[in-house]
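The residues making up each chain are set out below.
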Amino acid sequence: MTSSMNRVVLDPTNERRATTVERVGRPESLRGLTVGLLDISKARGDVFIDRLEERLSEMGADVKRYKKPTFTKPAPVDLRHEISINCQVVIEALAD
Amino acid sequence: MTLPALPDGLVVIVKRECETCRMVVPVIEQLNNGSLPVTVYVQDDPAFPESLAPIHDNDLSISWHYDIETVPTVLRIENGVEVTRTVGWVRDEWQRVTGQTDLGPNLSAFRPGCGSLSVDPDLVDKLRVRFGATTLSARRVDIAEAEDEFEAMFDRGWTDGLPVVPPTEQRVMRMLTGTTRQPTDVVAIVPPDLVEITIEKVAINAVMAGCKPEYLPWVIAGLEAVCNDTFNIHGVLATTMPVGPVIVCNGPGTRAIGMNSGMNVFGQGNRANLTIGRAIQLIIRNIGGGRPGEVDRATHGNPGKLSFCFAEDEIGSPWSTLAESRGLSRTTDAVTVFPGEGPRCVVDQLARDPESLTNTFAACLRTLHNPKSVLAFDAIVVMGPEHARVYAEAGWDRDRVLEEIHARLQIPGSELIRGAGGIAEGVPERLNGMTLPKFRPGGLLLVHAGGGAGLFSAIIGGWANGDVGSQPVTKEVLP
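These protein sequence lines map, in sequence, to chains A and B.
At position 75 of the first sequence (counting the first as 1) the number is 75 in the working numbering, and the numbers step up by one without a gap.
At position 300 of the second sequence (counting the first as 1) the number is 1300 in the working numbering, and the numbers step up by one without a gap.
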């Protein structure tokens, strides 16, 4: 084998190029917006989310609650889709 | 690459270096006087045999594409298609293939041929690249003259912190000989980025990990076993707990590829054990995009996240194998994947009767993750041969051992509730009056492995079990 053959290697990665996605602009106010609260199903996440719901409702937001079946797996596609069509804002609550 | 065409009639492939080829020159001359056209391809000396106007198979393209392993080989071609062949010199066979009689009347009836240049160990890797590399679709990365190739691979983030073998075309093509599957076949969708992985990309990472081609089917099976919703490698990777895929290998193939199931079974020194597990972890990193500090959020991790793969000692075991307990036959090669932390030792050097030894196992298993944690985590008990012998002599089979351990791990809720024993961690107060098992049914796996000396065993603790977390998965290893 010539040394030059050793200088070409095959790419072990997925060869994906990262795409840049613009963030949605931050709303001026939450009044009148639908805010999704996603509970990831970790213990005591509900305590945190209950309090958030209270505070957001006081601010005039329309709150919808969502829950992942388990914290160990990504949110199912259907759930993500449902949130995306129903909500303008989403808060995902981590807890431990 | 399409098959190069051969002319109709008889085609004979020879090399001068081969004594049998030299011996059959008069026979080929005899054939040349017959009714079928004869074409001779020669691998080495372009002038051999002079009387037959040979064509030089200079780049061995004909020999490679027609899978010539022995010279001489006689092929009979009709309408551009091979209909039959024979190798070496067997008079009856030559007469059958050519349809002629009285071939080589002065020769003995049989003489074996010689190895074809196209399968010469010094040439075969290069030929595989020459004629096959165009089937590989991975991006070629040119490493500059001034770069050290090992440093270059570190710099590109392709390694697990140890050096990797440069995945050249030649090495990847050689790795692909370990499977019958096509390089373009999709094996799995790899979390966390959920990217399809082909056999080719598996082979590239297997080269980097240091695998031999014969390990490749084990890497493929292991990958299939972890990349699904049941095992949930996404969660196993992302968790803050110190777990990674533990791969337990079963079947006669473990011995054929030289896996370790004995002394120092979890330790250093065995290439198959270390590189099969490593290849799978490199794939999670390089294809799935799962890297420590990114999606991998482990608080401590464990050294087994480089590779934690071993074989069960089936020959020395008094029991059925792990794979058998999961529904496969003893002669099937299989991997079972388990989301596990590092192993811990169980010491009982006075073990002579099974009751006493089982008490030791129960007491040690009780502490798994937290003495007050129940039902949430599975475990593998890796029974050392000297402990297994105690059970074997008492006539306890696999099921009995597990049942007796379970029976000793029925714990009163009063010991488990929050605050009990001065420990805040625990189950809710409402479970106070109940008796709770440490492990769910089927939550203990039993494997026989380890060196022949030492009254020791090991426990490998698991991670969040069941549908909410990860379940062990067993997959057959296919060629």
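Because the hints were derived from the structure by calculation, they are not lab data.
We put the beta carbon where it would ideally sit given N, CA and C, even for glycine.
Take these hints with a grain of salt, some might be off.
[What the hints assert, rightly or not] Computed Cβ-Cβ distance ranges for the label pairs, DEER-style:
(1) Val89/A <-> Arg1140/B: 19 to 27 Å
(2) Thr1134/B <-> Arg23/A: 51 to 59 Å
(3) Arg51/A <-> Arg1344/B: 35 to 43 Å
(4) Ser1320/B <-> Val21/A: 48 to 56 Å
(5) Gly25/A <-> Thr1002/B: 53 to 61 Å
(6) Val21/A <-> Ile1315/B: 54 to 62 Å
(7) Asp78/A <-> Pro1412/B: 50 to 58 Å
(8) Pro1252/B <-> Arg80/A: 23 to 31 Å
(9) Arg55/A <-> Arg1156/B: 25 to 33 Å
Task: Outcome for the supplied range 23 to 31 Å, where the beta carbon pair is Pro1252/B and Arg80/A - done: At 46 Å between Cβs, range violated.
Open item on the list: Just to be sure I understand the hint, the distance between the Cβ atoms of Thr1134/B and Arg23/A should be within 51 to 59 Å; is that true here?
Closed with: For Arg23/A against Thr1134/B, whose Cβ atoms are near 43 Å apart, the range 51 to 59 Å is violated.
Task: Supplied distance hint 48 to 56 Å, evaluated on CB atoms of Ser1320/B and Val21/A - done: For Val21/A against Ser1320/B, whose Cβ atoms are near 53 Å apart, the range 48 to 56 Å holds.
TODO: Go ahead and decide if the range 53 to 61 Å is satisfied by the Cβ distance of Gly25/A to Thr1002/B.
DONE: holds, 56 Å
Open item on the list: Verify the CB-CB distance for Arg51/A and Arg1344/B against the hinted window 35 to 43 Å.
Closed with: holds, 40 Å
TODO: Evaluate the given range 25 to 33 Å for the C-beta pair formed by Arg55/A and Arg1156/B.
DONE: violated, 46 Å
TODO: Given the hint of 50 to 58 Å, check if Asp78/A and Pro1412/B actually sit that far apart at their C-beta atoms.
DONE: Between Asp78/A and Pro1412/B, where Cβ atoms are some 43 Å apart, the hint is violated.
Task: Range hint 19 to 27 Å (beta carbons of Val89/A and Arg1140/B) holds or violated - done: Given about 46 Å between the Cβ atoms, the range is violated.
Open item on the list: Tell me if the beta carbons of Val21/A and Ile1315/B are separated by a distance inside 54 to 62 Å.
Closed with: holds, 56 Å
Taken one by one, the earlier hints fail for this structure at numbers 1, 2, 7, 8 and 9, listed in ascending order.
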